[in-house]
Amino acid sequence: MVFGFLKKKIKETFDVVKKVTEKKLTKKEFDKFFDALEFSLLESNIAYDTILAIRESLEKELIGKEIKRGLQEKIIMNALKNALRGVLKESDSTKLLQEIKASKEPIVIMFVGTNGSGKTTTIAKIAYWLKKNNISCVLAACDTFRAASIEQLEKHGKALGIKVVKHKYGSDAAAVAYDAIEHAKAKGIKVVMIDTAGRSHANTNLMNELEKIKRVVNPDYVVFVGDALTGNDVVDQCKTFNDVTPFDFAVLTKTDVDEKGGAILSVSHATGVPVMFLGTGQLYKDLEQFDKEKLIKLILE
Amino acid sequence: MVLDNLGGAIRNSIRNLISKVLIDEKSVNEFIKDVQRAMIMGDVDVKLVFDLTKKIKEDILKSKAFSKKEQIVKIVYDNLVRFLGGEGEKIDTSKKPLKILLVGTFGSGKTTTAGKLAKYFKRKGLKPALLALDTFRPAAVEQLEQISEKVKAQMLFNKKEKKPEKIVKEFKDSFKKYDVIIADSAGRDSLDKSLIKEVKAIYKAFEPDEVLLVIPADMGQAAKTQAEEFHKALGITGVIVTKLDGTAKGGGALSACAVSGSPVKFIGVGEGLDDLELFNPKRFVSRLLGMGDLETLLEKASEELDMEKIKDLSEKFLSGKFDLLDLYSQLQAVNKLGSFSKILGFLPGVSALKIPKEMLNMQEENVKKFKPIMDSMTLEELKNPKILNASRIERIAKGAGVTVKDVRMLLKQYGQMKNMVKKLQGGNLKKMMKKLGIKDLKALEEMDLGGLGA
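Chains A and B, in that order, are what the protein sequence lines are.
Mapping the first sequence onto my numbering, position 36 (from 1) lands on 969, and the numbers just tick up by one.
Mapping the second sequence onto my numbering, position 112 (from 1) lands on 285, and the numbers just tick up by one.
Be aware that a few hints might be false.
[To be verified] Computed list of lysine-lysine pairs in DSS-like fashion (alpha-carbon distance at most 27 angstroms, straight line):
no. : chain 1 : residue 1 : chain 2 : residue 2
1   : B       : K366      : A       : K940
2   : A       : K1065     : A       : K1096
3   : B       : K377      : B       : K263
4   : B       : K336      : B       : K373
5   : A       : K1218     : B       : K332
6   : A       : K961      : A       : K942
7   : B       : K541      : A       : K1096
8   : B       : K335      : A       : K1088
9   : B       : K342      : B       : K370
10  : B       : K339      : A       : K942
11  : A       : K1101     : A       : K1118
12  : B       : K268      : B       : K295
13  : A       : K1037     : A       : K1096
14  : B       : K339      : A       : K940
15  : A       : K1145     : B       : K541
16  : A       : K1225     : A       : K1172
17  : A       : K1096     : B       : K335
18  : B       : K342      : A       : K965
19  : B       : K220      : A       : K941
20  : B       : K227      : A       : K942
21  : A       : K1218     : B       : K541
22  : B       : K220      : A       : K1091
23  : A       : K1123     : A       : K1065
24  : B       : K339      : A       : K944
25  : A       : K993      : A       : K1034
26  : B       : K339      : A       : K941
27  : B       : K366      : A       : K942
28  : A       : K961      : B       : K332
29  : A       : K941      : B       : K405
30  : B       : K323      : A       : K1088
31  : B       : K339      : A       : K1088
32  : B       : K228      : B       : K206
33  : B       : K206      : B       : K227
[Unchecked claim] Chain B stretches covered by chain A per the calculated footprint, using a threshold of three residues with CB under 8 angstroms from any CB of chain A:
no. : segment
34  : 298-312
35  : 555-564
Everything labelled a hint here was simulated from the structure, so no lab data went into it.
A quick note: this is a predicted structure, and the numbers were derived from the prediction, not measured.
Every residue, glycine too, gets a C-beta built ideally from N, C-alpha and C.
Next up, chain A with everything else stripped away, as it sits in the complex:
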């Protein structure tokens, strides 16, 4: 379970507080407590910047506060809850569905991310989710670079009964997207999902190319697909993608692989953009709608 690790660890840090005085919490005592907590946060794969933000929030709320005997745990849990509320952002997939249903023109969603983060699989899962909600879609195979990326999308299309618009390898990604949008307009299809080639955010040329595709395609939504197993680098990754192709929401994949899911917090905190879905397994149905309060509950209760 994602964050199972942190959940186990947080309890341990309370032992430090329990020994603390009944009077007001001093800075020194706070530091001692946070040092222990910081480790658990680091080990849970939460990026360092995000941990600093959590620390700041806790400091503001706790230092100088009277901590009554027997209530330590409750007070600190509440402060932690508030800190996490500050870090995470709200997202609403129901609203997205309503918007799509209400729109007369096809809604164009473009997916971006680094190599191997799971863009194609995520697109297939979202296509399945749309289908379940009676919304038609078409997939655009705009990754014309990676070997067999088009075949991969086509196999998903075939399995889900959804059309894939494609050109040859090496062809212009924007042209593929254009054709897919025209197809959707002609057939009255509600959603166009654009699969772009994975790229290193550090490769300026490839990032410029992505910006160009975005300019030509002019999507209604840009979605960042990030790998939940990524360490501190996820901050650089999502920030750069957000600078070049500002995204409207993020999907974190592979959250079932490890119980240290800190990247979910880091991406939201670094960009201020909400997470909308979590990838939770190998099946089409393994896509969870992200719920901020539910996740906080999961970590802290």
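We have chain A already, so just place chain B on it with the hints.
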């Protein structure tokens, strides 16, 4: 460049420590704290960081050589090298066929790496075959198929069979026709029991000589658990770190080799099929500590170019005398070796010069123009660039379809390069070391930096 953040942070803390007048326990503690922070921010497993820095601290305090600052650099160097799997054995290709099994989590880059490995062995003059065992991910076999066409390596596959161990058995008899068999398995989550069972069945049927765990450089604290579980199930013989061309910290991958006790054998440094390097922990740590790595560059160069040419070039390079003709052939070599920034990363001392990334990118753009410019020059001009006056430059610019400014840029770059070559010669390495704050080279010389000739 590879793990630059971590390297930079450790270099800084070393510089801080050895710039102190007196090194006492307090300053050692501060130093250790700096290194810890650098490593944790670089995604190295938190517990491993504490084990490693505890050992470094013990070694420093035990060495009774508080005053010998070089000793401290050596202790950090030794511990980091050991952490990365020590000597770093090469892949032993004497056994025929050598059987390699690639395993790892989803999206770590196994299939691309399989292609890069095939290319690597082909460059070594061996005959590799790619065995497609990822029967799970849609189009994984097609991906390997397209890659095998590009590297011109034989591909062994059966699209109808879903059980990978049966595919192994099907081709078992034909393995002996090749020097190396590289098996690409499906991505899996080490905590998923059924997937681990499947890979065990592959292992039993394939009997690999090498089980290489493929780990992306940006993986964080999850890397340790993944490596531990894979190691428990299969016994990992080495690690391949992929996606090292980004800003990734690489620490997760380092944790993976520490817990499995197996060395990093290869690193993936780009999207091209040539972008795979043999990994040597010693060289890597010297690069991490800012000492450059001529040996890797030379090894790569000797594979890519014919030896006569490289001998010629390196002689000229070291003598500091080279004309535009040499620059021309060098540029062609550079194209084969990879990007300019990558090559600069290999050169000793260059990582310490902190060349901004934008400048390097611009440089690469310029280099693309250089070839047509030189194509428009006469042989005499190439051999003796001094004779280039305004009217000759204008003629060349017209001939190459570029501006006069571009031609002058080339000449300026040529001048700078000539200077740099001069600087790299002989005793000047010591000056560069001084800039890094390392005053006595003796301790460094003992470190077997290989090929630096310091």
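Of the numbered hints stated earlier in the document, which are not met by this structure? 7, 10, 14, 18, 21, 22, 24, 25, 26, 28, 35
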